Structures are given as C-alpha cells and as structure tokens.
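Start from the sequences and build out the full structure, keeping to the hints where you can.
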Amino acid sequence: MLEMATRQVARAGLPLMNIVRMKGVPILQQLEIEERLLRTSSNNWCIINDGTDKPSIVMGISGKPAELVEIRPVVEDKVPVIRRFTGGGTVVVDHGTIFVSFICNKDDVAGVQPYPRPIMSWSSLLYSHVFQGVADFRLRENDYVFGLRKFGGNAQSITKNRWIHHTSFLWDYEARNMSYLKLPKRTPEYRLARDHLDFICPMKDYLSRPDFIAKTIDAAGSLFSVESTEFEAVKPSSNMEFAPTSRLLTIKELEAACKTSI
Amino acid sequence: MALRIWASSTANALRLSSATRPHFSPLSRCFSSVLDGLKYANSHEWVKHEGSVATIGITDHAQDHLGEVVFVDLPDTGGSVAKATGFGAVESVKATSDINSPISGEIVEVNTKLSDTPGLINSSPYEDGWMIKVKPSNPSELESLMGAKEYTKFCEEEDAAH
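Residue numbers (full-length UniProt numbering), protein chains in the order written: chain A, 1 to 262; chain B, 1 to 162.
Because the hints were derived from the structure by calculation, they are not lab data. Keep in mind that the hints are not guaranteed to be accurate.
[As the list claims (entries may be wrong)] Below, a list of computed lysine-lysine pairs in the DSS-like style, where the Cα atoms sit at most 27 Å apart: (1) A/Lys204 / A/Lys182; (2) B/Lys83 / A/Lys106; (3) B/Lys113 / A/Lys185; (4) B/Lys83 / A/Lys160; (5) A/Lys160 / B/Lys133; (6) B/Lys113 / A/Lys160; (7) B/Lys113 / A/Lys259; (8) A/Lys106 / B/Lys149.
Note that this is a predicted model, so its numbers are computed, not measured.
Structure follows, in structure tokens:
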C-alpha cells in the first residue's frame, strides 16, 4: 500500500505526456495532427507512427523542389511532395520509416530553453538511453548517427510556449526511393562528399521495430508520466477549425519549379 | 556562466550610464547587446517607436540563441498584427521559430531584403535586420514592455535558470 502510494506520488511529480501510437498513417495527416496539437493543445504528446502508407517526399518549410528533388522522375512516378511546417531538410519516407514526435510545453521540460540547439540536445539525451548498449549513437551536426552514418533526420517548430521535435527514423528504406533526392546545397561536414546511400544506414541492423518503439516509450517514461491515448482522439475531423500549413505541392508547382531550374 | 553574467551586467551598466536620453547606440558584440531607447518583449522582440511608426525585429539575444537564420517568413503589407501574437517565423538549425509582435497595429512596411539575405537578422538584428514597420493601434501597449535595463536582467535570469 505504501509502495503504491509512493509510486503514485513519484509519477505525480512528473508532467503528463500522452502517447499516441499509429501505424501506416499518411505522413500529411500525421503532420496535420502534429501542427494542430502544437498550436491548439496545452498537453504534452508523443506521436509514434510506425511506417507511412506510401513513399512520399517531405521538404522543410523553406525547401525548393528544384534544388532538392529530381522532379521528372517524381512527377512520372507520381510521388507526393509535401512541404511541412517545421524547418530542416528533405526526406523520403515510406513503410520503412518510423516517426517519433515530441510536442511539449517548454515549462514541462526543465532546464531546456526553447531554442533549436537546447531542444536538439535534450532529444539526443533521450535517444541515447534508447540506443545504450545497442549502437554507437550520437547527435552529429543535428543528425542522429550510428558512427558516421545517418539513420534519423530531425526538425523542429518552436512557438512562444511550446515546441515540437520530430524525427523520421530510417528503420529500413529502398535505394530506389532515395534516388528521388538531389544532393542539397548545404550538407553536414561529416558527410564528406559521400553519395546518399554511403551516408545513411538502416536502423534494422541494430534494433527491431517493436524494441525501438518500446525503448522510446520507456525513455519518455523516465521524464514524463506517460499515458496512452487512442488515435481516434487526435484524428482530424471535418468540424475542426484549425488550418494546417503543411501541404501537398501540386503537379503544376513541381513542373513550374522544373522549368525555372533549367 | 557566473563570470559571463557579471561581465554582461557590468558592460550593460556602463552602456546605460552613458545615456541621458534615448539613443540607439550599437554595443559590444562580445555578449548579447541591448540598445537603450528601445522597448522589449519577453519573447525577445524589440520595438523602436518613432513618430507614428514602430519598427519591430528580434533582439541580439534571440538571434544568438537561434543560430544562423536561413529563411524568414513575413506577412504582407496592409495586414495587421496583435500584441503577443505571432506574425511570422524564422528558420534556423532545422527549426521554425515564431516571431511575436510586441504591439498591435497595421503593417505599413516589410523588410523585403530578408528574403534574399536572411542573415541580416544575425549580423544586424537592430538595424538592417528589422522585420516589419507598424502603425500602432494602441500606443499605450508600449508602456507594458521592458526597457533596456529590465530586458538585460530578464535575459540574464533566463540564461541562468537553464
């Protein structure tokens, strides 16, 4: 009885975090959910989407398709190109991608100033617990790497009192999909002019999907009092007033970008 | 950290003591600079009120903490801003960060140079890196903002707490 009471008090001392587990949700829908929760909720959230339904290209807020994407094959193969509401670079996501997003009140994450680098450091500490004893994990120039190979891309959005840090983890990927991406103008120094496939690595070589997700939830549980929330509770509905800013680029926009780049 | 706070306080005290009336003097670049004569919001934006127009940007403290700005999203002229509400965003280090207006009013000018040269926000946060000019709809809102001394202390306390 005393032990149970002690545990409840200990949990009560931690801020609450709602864990939402999804599988195969389209990435645009995931982004819409995240932006709405960031802007209109006052709770903390951890969104986990175990794979997305079809291959998609997702650019950061300032991404220019002509510079980042091989537009002709993308248009021919009808690959969706999405501009998301957070910063950062371009990724190709598919069923092999595991998405983990933390949406937090700045006051519930003690000692972390609401700026990009402190938030990134905080997240790397959380994930260092996930990969402890599994791989040589580190945050290197804002990427998650095993050694010198990137396996996760990060991006963030920071409002006055809240922030989101979201990651697309390459649990597995198809080389063909990676060929849709151009070499960006700005690359991290540690990339050392390597081709994309020599620069990245799949997480599946180190950890199974269920193990990674379980360890991530455990790591979150060391910082927050976690509770499970059903996807139905956060799924967009027709009567929601919030207008998300992440959007699918039209074929017209992609073709115009292609012409501009010639 | 303690030495930096002491040095910053001393430097700021020396700068402020030389001001007998509001002026906009650039200061040491060793620590985040705070200009006398401007007003400051707790979300790290500054306002310079001159006549019927108020110019708004983000502070040296903010640009230093944000990192290299690579993209700026600003509204159009003719729109309106509301006190403590977002009007745009900057991108730095893979993050978008909201910019909040310290006052309410109508946007009369936008700094179009920032679309090609967003780094002006880092190199010249109080001058060439200005973001919008606003015709204040409620000038009394300026009175609730912080002065230079109060804002300096606010920044020091915020940094010390983390």
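Hint by hint, here is what the structure shows:
| no. | hint | in the structure |
| --- | --- | --- |
| 1 | A/Lys204 / A/Lys182 | 25 Å, holds |
| 2 | B/Lys83 / A/Lys106 | 21 Å, holds |
| 3 | B/Lys113 / A/Lys185 | 21 Å, holds |
| 4 | B/Lys83 / A/Lys160 | 13 Å, holds |
| 5 | A/Lys160 / B/Lys133 | 21 Å, holds |
| 6 | B/Lys113 / A/Lys160 | 25 Å, holds |
| 7 | B/Lys113 / A/Lys259 | 25 Å, holds |
| 8 | A/Lys106 / B/Lys149 | 25 Å, holds |
Violation of the numbered hints given earlier is absent; every hint is satisfied by the structure.
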